[in-house]
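Peer 1: Add chains B and C to chain A, keeping to what the hints say.
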Amino acid sequence: MITHLHPTSIAPSPFLSPGVLITRPDRTLYVSGQVGVTADGRVGDGIAEQTKIATGNLRAVLAEAGMGVEHVIKYTIYLTDAADLPGFLEAGADAVPQPGPAGTLLIVDQLADPRLLVEIEAVAAA
Amino acid sequence: MITHLHPTSIAPSPFLSPGVLITRPDRTLYVSGQVGVTADGRVGDGIAEQTKIATGNLRAVLAEAGMGVEHVIKYTIYLTDAADLPGFLEAGADAVPQPGPAGTLLIVDQLADPRLLVEIEAVAAA
Amino acid sequence: MITHLHPTSIAPSPFLSPGVLITRPDRTLYVSGQVGVTADGRVGDGIAEQTKIATGNLRAVLAEAGMGVEHVIKYTIYLTDAADLPGFLEAGADAVPQPGPAGTLLIVDQLADPRLLVEIEAVAAA
Numbered sequence: 003m004i005t006h007l008h009p010t011s012i013a014p015s016p017f018l019s020p021g022v023l024i025t026r027p028d029r030t031l032y033v034s035g036q037v038g039v040t041a042d043g044r045v046g047d048g049i050a051e052q053t054k055i056a057t058g059n060l061r062a063v064l065a066e067a068g069m070g071v072e073h074v075i076k077y078t079i080y081l082t083d084a085a086d087l088p089g090f091l092e093a094g095a096d097a098v099p100q101p102g103p104a105g106t107l108l109i110v111d112q113l114a115d116p117r118l119l120v121e122i123e124a125v126a127a128a
Numbered sequence: 003m004i005t006h007l008h009p010t011s012i013a014p015s016p017f018l019s020p021g022v023l024i025t026r027p028d029r030t031l032y033v034s035g036q037v038g039v040t041a042d043g044r045v046g047d048g049i050a051e052q053t054k055i056a057t058g059n060l061r062a063v064l065a066e067a068g069m070g071v072e073h074v075i076k077y078t079i080y081l082t083d084a085a086d087l088p089g090f091l092e093a094g095a096d097a098v099p100q101p102g103p104a105g106t107l108l109i110v111d112q113l114a115d116p117r118l119l120v121e122i123e124a125v126a127a128a
Numbered sequence: 003m004i005t006h007l008h009p010t011s012i013a014p015s016p017f018l019s020p021g022v023l024i025t026r027p028d029r030t031l032y033v034s035g036q037v038g039v040t041a042d043g044r045v046g047d048g049i050a051e052q053t054k055i056a057t058g059n060l061r062a063v064l065a066e067a068g069m070g071v072e073h074v075i076k077y078t079i080y081l082t083d084a085a086d087l088p089g090f091l092e093a094g095a096d097a098v099p100q101p102g103p104a105g106t107l108l109i110v111d112q113l114a115d116p117r118l119l120v121e122i123e124a125v126a127a128a
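Chains as they are written, first to last, in the numbering used here: chain A, 3 to 128; chain B, 3 to 128; chain C, 3 to 128.
Just chain A, same shape as in the assembly (with noise of 0.2 Å):
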């Protein structure tokens, strides 16, 4: 069972839910941070295509699963620009189901490609 913690001490945010509670899951999946990669190697073109590749390959490991984005409990988003943060948005927006998993958005230098604007990372359960 997954229980969203919103404690009214928290700013709200339309995306995340502050905490998520799993009790006993019986399945939990860890994805690996997803890229703006196609299964050819052809690297995505801007954040919003980066975005739906990536969001596109999350998919594809949670169907392997059994799972949908609803089952995601913990997002890591890591981009390397913050000006991409609205573009990134925008292109991921439905990814992240109602209500939203727990989170942590960071700017970082690179990721392990240098041509790679965002990557995501995830836990899901059921």
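Derived from the structure by calculation, the hints contain no laboratory data. Think of the CB as a built atom: it goes at the ideal place given N, C-alpha and C, for glycine as much as any other residue. Be a bit skeptical, because a hint or two may be false.
Unchecked claim - Quick list of the computed label-pair ranges, beta carbon to beta carbon: (1) P101(C) / D47(A): 18 to 26 Å; (2) P14(B) / D42(A): 42 to 50 Å; (3) T5(B) / T5(A): 19 to 27 Å; (4) P101(A) / A95(B): 28 to 36 Å; (5) L91(C) / R117(A): 16 to 24 Å; (6) R26(B) / T5(A): 12 to 20 Å; (7) R44(B) / G43(A): 42 to 50 Å; (8) G48(A) / A13(C): 35 to 43 Å; (9) R26(B) / S15(A): 27 to 35 Å; (10) G43(A) / D83(C): 30 to 38 Å.
Peer 2: Below, chains B and C without anything else, positioned relative to chain A:
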């Protein structure tokens, strides 16, 4: 059951355990990265106040799950400036149970909002 | 039970699985970010030695839980310089089980100590 692991081959830390083992937890809590922002959206002034607000937010999420900081099994701490580390450790010390949880501390370019100096993410179990 | 997921729509990696699914683990281990520092506090010289010390520390924590690297289900790797990636991959290859765990690799500004070049965080399950 939670077991704290301290191999003798690893340099001891005053705050963290090198490993924390959880045996069949009933409940696992993922806490979103908590920052120094109050419920009405005010950003704390400096590392000490931001740390106090962030650990207060963390405690509020834990409390909603019937937990306290003693249930934290993993912290991930993000600072935007290594010079803030002493101030963070002093202001945040009371949120670190003994024996300490597992943890990682990183210096990153920027958090989701450029005014933020610290973000505290946690996993807890009971 | 641990199942490694490799959707065909995701470019294959020689090291990592896109997803790792854990079904009702008996024990879950959170390993603190391990760095290239020996028990007596000496910082390793260069990426190869720091990686060897860090993976040795990781193995020591796993061993205290009766586990080995084959039980790692998620790695998070932090490097401070993308130029260290080849050296890290060569020195750390023997800590990567096959099929690979889930993982994320990031380049960050700095670790807790400016002399540190690599930090390795892990979740393991049995």
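Peer 1: Look at each hint and say if it fits the structure.
Peer 2: Here is what the structure says about each hint:
1. P101(C) / D47(A): 18 to 26 Å: violated (31 Å)
2. P14(B) / D42(A): 42 to 50 Å: holds (49 Å)
3. T5(B) / T5(A): 19 to 27 Å: Roughly 26 Å apart at Cβ, these two residues keep to the hinted range, so it holds.
4. P101(A) / A95(B): 28 to 36 Å: Given range 28 to 36 Å: holds, Cβ gap about 33 Å.
5. L91(C) / R117(A): 16 to 24 Å: holds (19 Å)
6. R26(B) / T5(A): 12 to 20 Å: holds (19 Å)
7. R44(B) / G43(A): 42 to 50 Å: holds (46 Å)
8. G48(A) / A13(C): 35 to 43 Å: For A13(C) against G48(A), whose Cβ atoms are near 19 Å apart, the range 35 to 43 Å is violated.
9. R26(B) / S15(A): 27 to 35 Å: holds (32 Å)
10. G43(A) / D83(C): 30 to 38 Å: violated (24 Å)
The structure is inconsistent with the numbered hints 1, 8, 10, although it conforms to all the rest.
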